[in-house]
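Visitor: Now for the letters of each chain:
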Amino acid sequence: MSPLQFAWRSLSRQPARALLGLTGVAVVGALLFDMLMLSRGLIVSFRDLLKSTGFDVRVTATEALPGMGPVVSDAAATVETLRLLPELAAVVPVRFGVAAVEARDKKTHELAIIGGETRRRGEWRLVQGADLGEGAAGRPDMVVNRTFARDQGLAPGSIVRLASTLPAREFRVSGIVEFPFEAAGERMAGVTLNGFTQAFPAARPDEADLLLVASQPGVGTEAAVGAIRRARPDLHAFSIDEVLERLRQAEFSYFRQVSFVLATIASFFALLLVTTLLTVSVNQRLGEVAALRALGFSRRRITFDLLAESALLVGGGGLVAVPLGLLLARVLDSILRQMPDLPSRLHFFVFEPRALALHLGFLVLAALIAAAYPVILAARLPIAATLRRESIS
Amino acid sequence: MSARLLLLLLLLGLAAPAGTDGATSDANGETLAEILVSRGLVRERGLAVGQVVMLSADARGAGARPFRIAGVYEPTPDPSRFTAKRLEARMHLPDLLALTAEPGGADAVDTVGAINIALEDPADASAFARELGARAPAVSVMRAAAGDDEHFMIIERFHVAISVVTMIGSTAFLLALMVIRADERREIAGLLRLLGLRRRRILLQALLEGLCIATAGAVFGVLFAAVTQGAVNAFFQWRYDTTLVFVRVTPAIAARCIALALPLGVMAGLLASWTLLRQPVLDLLRR
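Those protein sequence lines, which keep their order, are chains A and B.
One point on numbering: in numbering that gives the first Met the number 0, the residue at position 143 of the first sequence is 142, and numbering is uninterrupted.
One point on numbering: in numbering that gives the first Met the number 0, the residue at position 126 of the second sequence is 125, and numbering is uninterrupted.
Any given hint could be a false lead.
Claimed, not checked - For the chain A half of the interface with chain B, some residues (derived, Cβ under 8 Å), not all of them:
#1 L19
#2 G20
#3 A60
#4 T61
#5 F199
#6 V279
#7 P322
#8 I334
#9 Q337
To be verified - If you anchor each label on the Cβ, the simulated ranges turn out as follows:
#10 A:L364 - B:T274: 30 to 40 Å
#11 B:T227 - A:S252: 20 to 30 Å
#12 B:V244 - A:R120: 40 to 50 Å
#13 B:L202 - A:L364: 34 to 44 Å
#14 B:N115 - A:E169: 23 to 33 Å
#15 A:I264 - B:Q278: 32 to 42 Å
#16 B:Q278 - A:P339: 50 to 60 Å
Hints in this document: simulated from the structure, not taken from any laboratory.
As the structure is a computational prediction, the values presented were derived from the model and not from experiment.
Glycine included, every Cβ here is placed at the ideal spot set by N, Cα and C.
Full structure from sequences and hints, please.
Guide: Following this line, the structure appears as structure tokens:
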């Protein structure tokens with residue numbers, strides 16, 4: 000009989016105990032798996048969001064995040080300078096502003112407005128109507144997100160009147176779009192730079208909060224960033240990886256640390272559970288182990304039997320932990336995604352093969368460590384004395 | 000908007016050269032405007048009270064003006080931004096407007112991003128917001144958030160969900176232990192039954208035993224949390240340079256923990272004992 004078959008019989012002799020052990024390992028394993036997904040979930044999700052725009056470099060005036068620091072002055076000249084660089088395929092100036100609109104219920108609501116150029120890559124996804132154009136004389140074009148369109152009852156061709164300007168400025172809705180970074184319930188709109196100056200008459204002209212840059216295919220992001228830094232050392236150019244590293248160190252670090260703490264606790268818990276079950280199991284079977292040794296079972300064979308028992312408990316629980324963890328992750332993700340101002344496409348828990356590999360690695364380690372003490376106990380067992388004690392009792 | 004401008008200014012201050020200590024007037028003998036600087040910025044840039052710094056609204060430092068650091072302040076902890084460095088400065092509104100105004104743009108010096116209003120009776124806030132909104136349609140009137148911050152509430156929900164999962168895992172662990180414990184006492188239970196003790200009497204004993212173990216475990220857990228909360232807070236406050244309190248074991252939380260742990264412990268003990276005791280006496284004695 001192989002060690003695995005032997006371990007299976009040993010566990011099935013105590014089905015309630017084995018089932019409870021498996022349940023415990025499955026639950027803490029699910030928690031461990033979730034924490035591994037959480038540790039990098041925001042970074043992976045945010046990287047996908049940044050990449051979906053089609054621009055792999057961001058240029059700002061300072062190291063501050065876009066919209067949180069000084070703007071790029073002389074934006075038109077800066078854009079022209081950068082467009083001459085052979086490493087760059089596209090350069091788009093972007094401005095951010097918040098205006099007010101009057102809703103149908105006569106209440107005033109905030110409207111986040113992004114000023115840019117006509118769409119070149121993935122600045123937004125067109126859902127209905129036509130894309131942003133330069134607009135005819137009179138009302139500038141505006142693309143709006145679904146939340147804003149639903150709230151105001153807008154459709155392509157509708158007129159949007161901004162209440163934050165005097166006199167109120169009007170825009171023509173050319174289409175309904177989905178912005179990559181729009182938050183749930185956030186009203187957003189996109190206009191051209193010309194439209195932006197009309198929406199915000201007090202804003203300084205020829206400025207940009209951010210420059211979106213796409214590198215030439217085949218040239219690479221690093222080469223593009225290097226070219227920008229050489230051409231305009233006063234500006235700050237960031238690749239997506241650099242932006243993510245900064246977020247990892249600061250803005251996203253809390254969840255990384257929480258996941259580390261909880262993953263450690265979950266691992267420890269799984270270890271404690273399996274160690275306890277195996278140790279008690281060995282203690283209850285000391286006579287049986289001694290008898291097996293007397294029959295000629297080697298220490299090595301006993302060790303393999305216990306390791307197999309540990310592997311069955313941890314492996315079985317670990318397997319159930321994966322679908323359970325994925326289910327739990329959906330619940331936890333839906334809770335955290337209710338945070339205000341969070342892009343609705345951002346996720347905290349993201350499945351990666353790396354998380355699964357780490358999960359399996361942790362469980363194998365837990366199985367080995369959990370079996371260590373019971374193995375020592377069984378291997379050092381004095382055969383004759385144990386058998387004598389068992390027969391007397 | 001004003002917060003954004005402040006951040007903008009302080010970031011420019013990072014690049015600007017620091018001047019002489021203790022100066023109160025510039026080279027022309029004019030009194031320097033004063034600013035307050037956040038503790039984080041003071042530490043980050045090695046600033047000191049009395050020092051003169053140059054601030055500009057332009058990323059390249061154009062139009063920089065000197066300001067004297069009058070003091071250092073601790074920014075109000077913001078749960079939605081606690082991971083960000085609070086590199087900030089505060090100044091008088093006219094100084095800020097003069098610094099950020101477009102050269103020659105007279106209207107900009109009379110422009111503000113927001114006006115904070117404190118009402119005599121906070122209960123009138125909604126009515127006041129409605130009335131002001133009707134009178135000044137170009138102005139966005141918002142009631143300041145009252146009660147718990149939404150970030151806090153969501154983080155709390157997340158932690159509660161994690162606690163529930165941990166509790167389910169712990170219950171399985173506890174049940175396994177109780178089953179083992181009951182199994183170990185199988186023969187004693189059989190003997191007690193043979194001696195005439197009723198199932199109910201033995202179950203009562205198991206219940207009391209479970210209650211004692213659960214009480215000891217719950218009290219130990221609460222004490223452990225109470226003792227270690229200082230270390231957890233110290234770590235996160237150090238890590239994020241904030242005065243926010245991350246963990247606080249309140250009497251209500253301790254009571255909730257005990258109220259959950261006690262029934263769970265007792266139920267686990269009873270369940271494990273009952274599965275054993277319902278067996279015939281001879282089975283218990285392995286005969």
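Visitor: Are the hints correct? Go through all of them and say.
Guide: The hints, checked one at a time:
1. Satisfaction of the interface hint for L19 (chain A) is found here, the shortest Cβ-Cβ separation to chain B being roughly 4 Å, below the 8 Å cut-off.
2. A cut of 8 Å between beta carbons decides the hint on G20 (chain A): the least distance to chain B is about 5 Å, and the hint holds.
3. At a threshold of 8 Å, the smallest CB-CB gap from A60 (chain A) to chain B is about 4 Å, leaving the interface hint in force.
4. The interface hint given for T61 (chain A) is met, as the beta carbon of that residue sits about 5 Å from the closest beta carbon of chain B, less than 8 Å.
5. Interface restraint check: F199 (chain A) against chain B, minimum CB-CB distance 12 Å, threshold 8 Å, status violated.
6. The criterion of a C-beta within 8 Å of any C-beta in chain B is met by V279 (chain A), whose closest approach is roughly 5 Å, and the hint holds.
7. Evaluation of the P322 (chain A) hint against chain B yields a violated restraint, the C-beta minimum of about 15 Å exceeding 8 Å.
8. For the restraint placing I334 (chain A) at the interface with chain B, the shortest Cβ-Cβ distance is roughly 5 Å, inside the 8 Å limit, so the hint holds.
9. Hint status for Q337 (chain A) relative to chain B: holds, with the closest Cβ pair at about 5 Å, below 8 Å.
10. At about 33 Å, the CB distance of L364 (chain A) to T274 (chain B) agrees with the hint of 30 to 40 Å.
11. For the pair T227 (chain B) and S252 (chain A), the beta carbons lie near 21 Å from each other, so the given range of 20 to 30 Å is met.
12. Here the CB-CB span from V244 (chain B) to R120 (chain A) is close to 45 Å, well matched to the stated 40 to 50 Å.
13. Under the hint 34 to 44 Å, the C-beta atoms of L202 (chain B) and L364 (chain A), about 41 Å apart, fit the expected range.
14. As the Cβ distance of N115 (chain B) to E169 (chain A) is approximately 31 Å, the hint placing it in 23 to 33 Å holds.
15. Separated by about 37 Å at the C-beta atoms, I264 (chain A) and Q278 (chain B) satisfy the suggested range of 32 to 42 Å.
16. One distance hint, 50 to 60 Å for the beta-carbon pair Q278 (chain B) and P339 (chain A), holds here, with the actual separation near 57 Å.
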